[in-house]
Amino acid sequence: MSDNKAQVSAVGTGKETVLLDLEAALERTMGDKEFLQELFQEFMQNAPTDIETIQSLISAKDADGVRRLAHRIKGSAANLSFLKVSAIALLLENAGRDNNLAISEGLLKELDAAIQETKTHISSLI
75 MSDNKAQVSA VGTGKETVLL DLEAALERTM GDKEFLQELF QEFMQNAPTD
125 IETIQSLISA KDADGVRRLA HRIKGSAANL SFLKVSAIAL LLENAGRDNN
175 LAISEGLLKE LDAAIQETKT HISSLI
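Quick note: to get this note's numbering, add 74 to the position in the sequence shown (first position is 1).
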């Protein structure tokens with residue numbers, strides 16, 4: 075495995091999943107580390123507000139709102155190769171789509187933890 079990939083346990087599966095694929099992220103920015111760092115910082119700056127908003131949507135029992143915001147987070151995370159964040163956001167999106175807010179609270183906590191884990195790891199890579 076490349077030095078640019080970090081492995082962590084997948085959410086609730088016991089399997090290994092890639093936290094971040096830096097090589098893929100650098101490919102998307104044509105090797106521009108400075109631009110990639112700006113994109114990473116923007117995602118991380120928006121994350122606390124996104125987490126708070128999803129919490130509010132869950133409290134308001136707005137499953138479609140949860141679905142839409144989780145979908146946006148999933149896409150942004152995937153574009154940055156935040157693979158674990160993207161995978162959890164997909165689960166949260168599906169929970170919203172299925173109107174299953176009962177599991178959304180736990181998924182939101184996992185999403186927040188994955189974002190923090192990714193943020194910590196990024197600082198050691200770039």
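It should be emphasised that the hints constitute simulated quantities derived from the structure, not laboratory data.
Given the structure is predicted, the values throughout are model-derived calculations rather than measurements.
Cβ coordinates follow ideal geometry from the N, Cα and C atoms, glycine included.
Some hints here could point you the wrong way.
Unchecked claim - Heads up, simulated DSSO-like pairs for lysine-lysine below, C-alpha to C-alpha not over 30 Å straight-line: (1) 183 with 135; (2) 193 with 183; (3) 107 with 193.
As the list claims (entries may be wrong) - Now the in silico label distances, taken between C-beta atoms and shown as ranges: (4) 174 with 199: 12 to 20 Å; (5) 176 with 142: 12 to 20 Å; (6) 197 with 142: 14 to 22 Å.
Verification of the hints:
no. : hint                     : verdict
1   : 183 with 135             : 17 Å, holds
2   : 193 with 183             : 15 Å, holds
3   : 107 with 193             : 16 Å, holds
4   : 174 with 199: 12 to 20 Å : 35 Å, violated
5   : 176 with 142: 12 to 20 Å : 19 Å, holds
6   : 197 with 142: 14 to 22 Å : 30 Å, violated
Hints 4 and 6 from the earlier list are contradicted by this structure; the remaining hints agree with it.
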